[in-house]
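Protein chains: 2
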Amino acid sequence: MTYAVGMRLDRGLVFMSDTRTNAGVDNISTFKKMFNWTVEGERSITLLAAGNLATTQATVSLLEERTKAPEDRSPSILEAPTMFRVAQRVAETLKDVIERHSRSGQEADSSFHATLILGGQIKGGPSRLFLIYPEGNFIEAGDDTPFFQIGETKYGRPILVRAYDAKMSFPETVKLLLVSFDSTIKANLSVGAPLDLLLYEEDSLTSGTRSRFEVDDVYFRTISEGWSDALKSALSKLPDYNVTPDSSD
Amino acid sequence: MTYAVGMRLDRGLVFMSDTRTNAGVDNISTFKKMFNWTVEGERSITLLAAGNLATTQATVSLLEERTKAPEDRSPSILEAPTMFRVAQRVAETLKDVIERHSRSGQEADSSFHATLILGGQIKGGPSRLFLIYPEGNFIEAGDDTPFFQIGETKYGRPILVRAYDAKMSFPETVKLLLVSFDSTIKANLSVGAPLDLLLYEEDSLTSGTRSRFEVDDVYFRTISEGWSDALKSALSKLPDYNVTPDSSD
Chain A
1 MTYAVGMRLD RGLVFMSDTR TNAGVDNIST FKKMFNWTVE GERSITLLAA GNLATTQATV
61 SLLEERTKAP EDRSPSILEA PTMFRVAQRV AETLKDVIER HSRSGQEADS SFHATLILGG
121 QIKGGPSRLF LIYPEGNFIE AGDDTPFFQI GETKYGRPIL VRAYDAKMSF PETVKLLLVS
181 FDSTIKANLS VGAPLDLLLY EEDSLTSGTR SRFEVDDVYF RTISEGWSDA LKSALSKLPD
241 YNVTPDSSD
Chain B
1 MTYAVGMRLD RGLVFMSDTR TNAGVDNIST FKKMFNWTVE GERSITLLAA GNLATTQATV
61 SLLEERTKAP EDRSPSILEA PTMFRVAQRV AETLKDVIER HSRSGQEADS SFHATLILGG
121 QIKGGPSRLF LIYPEGNFIE AGDDTPFFQI GETKYGRPIL VRAYDAKMSF PETVKLLLVS
181 FDSTIKANLS VGAPLDLLLY EEDSLTSGTR SRFEVDDVYF RTISEGWSDA LKSALSKLPD
241 YNVTPDSSD
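First to last, the sequence lines map onto chains A and B. Read left to right, the first sequence gives residues 1 to 249 (full-length UniProt numbering). Read left to right, the second sequence gives residues 1 to 249 (full-length UniProt numbering).
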C-alpha cells in the first residue's frame, strides 16, 4: 500500500508521500514514490505514485528516458506546452505500461494497476493538480476538491476535510499533512515512514523545497505525540452528552 | 454499508450503530441494526449487525423465535449460562443462515456475509464483548483491544484510537462516538443518521439507556459543527513546521 497527498493552496502546491512498499507483510521495502522534473525558470513537474511498484517504476522510467532522448517518437513531458498536455502524456504512458503487463498472458495475485497524482506549473500558466487513473483518464483539482489522496486514503481523510484551508501557510500545511499521515501509519502497517515532502511555491518555477521525515524525526515525533493530547483537549472542550433515557423498557 | 461500534469501559458497555442500508446509491432505506434481549435482573444482551440485510434480519429473527419457543431444539440465548455460550449460539446461527443462502444456488452481486458485535452480561459473570465473523468464529475484546468496529471502520478509527480511555464517563463516551460517526457520515454516503445508542451500566442487568439521534438532533449538530473548530484549534496549538530546504537542486 501507499499513502500520498497532493494539495493545491493559494501559495502553491504541496506533495507528501510515504515510502513503504510491500508484497505481503513479511516482505517490505523502502522506495521513493515522489518524482520531480524541473527546468529552472521554465517548468516544475511533480509525480506521486500508488499501486503496483513495477508499473509505477516503468512509467517513471519511460517518462525519464523521453526527457533525455528528445528524438523519441513519444514527446517528452519537458516539451509539452501546458500542464494539461503533460497530464495526457503521463496518463498515456501509465495506460500503456498497464496494458503491456496485462497482455503478457501472465497472471498475478495483485493487479498491475497504479494511480498517480501529478502537479506542477509551466511558465505562462497557473499551477495545476491532476489525479490520473489506471485507465488513462484523469481529473483536475479545483476549488471544491482542492486535494487528492491515493493509496490508503480513509484514515487520514477526516482531518484533511475538516482542517484544509486554501489560505494555509506551508508550515501549517506540513503540520496538517503529518497529522493525516500519522493517523494512517498508526492504522495500516503497509504505510510507513520515511515521508517525502515537496513544497512548490506558485510562480517560482523551481524544483521546490524538499525534505524527508525519518521515523525518528524530532518534528514528526512532536506532532505524533502532541496530537493525541491535542485531540483529547479538543474533545473535552465540546459539551458532554446529557444522558436521559428515551426508553427504558 | 454500515458503521457500528461496541465499546468496553470500566463503567459498562456502550453501543452505537447507524441505520442506513443501501442497494446502490439510488436505493437507500432506514433499518435498525441494534437489537437487545433483556431479562431484568438476570441478563442483558445487545447485538449490532453489519453486512447483508437479509442475513442479519434472518439471524435476529431466528434468535428471537428461539427466545419465545423454548421447546425448539436449538437452545435460546436467554438460557445460555454464560456470555461465551451466547456468543457461540449467535455465531452458529449466523453461520447457518449464510450457508443456507449460499447453498441455494443463487448468485448475488454482493455476498451474503455479515459481521456482528455482541455484548452483554449474565448474572454471576462480568460484561463481555465479542466480534463475530461470518465464518462463525469470534474474538473477545480485552484491555488491549477494548472496542470493536464493523462496516465502514476506517474514517472513524483514528479518533477512537487516540481518545479512548477505559475510565471515560458515559457522557464523554457518547461525545467521542458521535465525533467518530460524524467523520464517517461526512465521508461515506452509505452511512447515515439516525444513530442508535445503548448505554449498559455494569451489573445493572437491565436493557440499559437507549436513545436515537436524528439528523437534526441538537446535540449531534453541536458536536458535528463544533468539531471542525475544535480540530483547527487543536492543530494550531501544535508547533508549526520550520521550512528549511534539505536540497534545492
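Careful: at least some of the hints might be erroneous.
[Said to hold, decoys possible] Chain B is faced by these chain A residues, among others (derived, beta-carbon under 10 Å):
hint : residue
1    : Ser-29
2    : Thr-30
3    : Gly-156
4    : Pro-158
5    : Ile-159
6    : Asp-165
7    : Phe-170
8    : Thr-173
9    : Asp-240
Rather than coming from a laboratory, the hints here were simulated on the basis of the structure. Here a beta-carbon is modelled for each residue, glycine too, at the ideal position from N, C-alpha and C.
Consistency of the hints with the structure:
no.: 1; hint: Ser-29; result: violated (22 Å)
no.: 2; hint: Thr-30; result: violated (17 Å)
no.: 3; hint: Gly-156; result: holds (8 Å)
no.: 4; hint: Pro-158; result: holds (4 Å)
no.: 5; hint: Ile-159; result: holds (7 Å)
no.: 6; hint: Asp-165; result: holds (8 Å)
no.: 7; hint: Phe-170; result: holds (5 Å)
no.: 8; hint: Thr-173; result: holds (8 Å)
no.: 9; hint: Asp-240; result: holds (4 Å)
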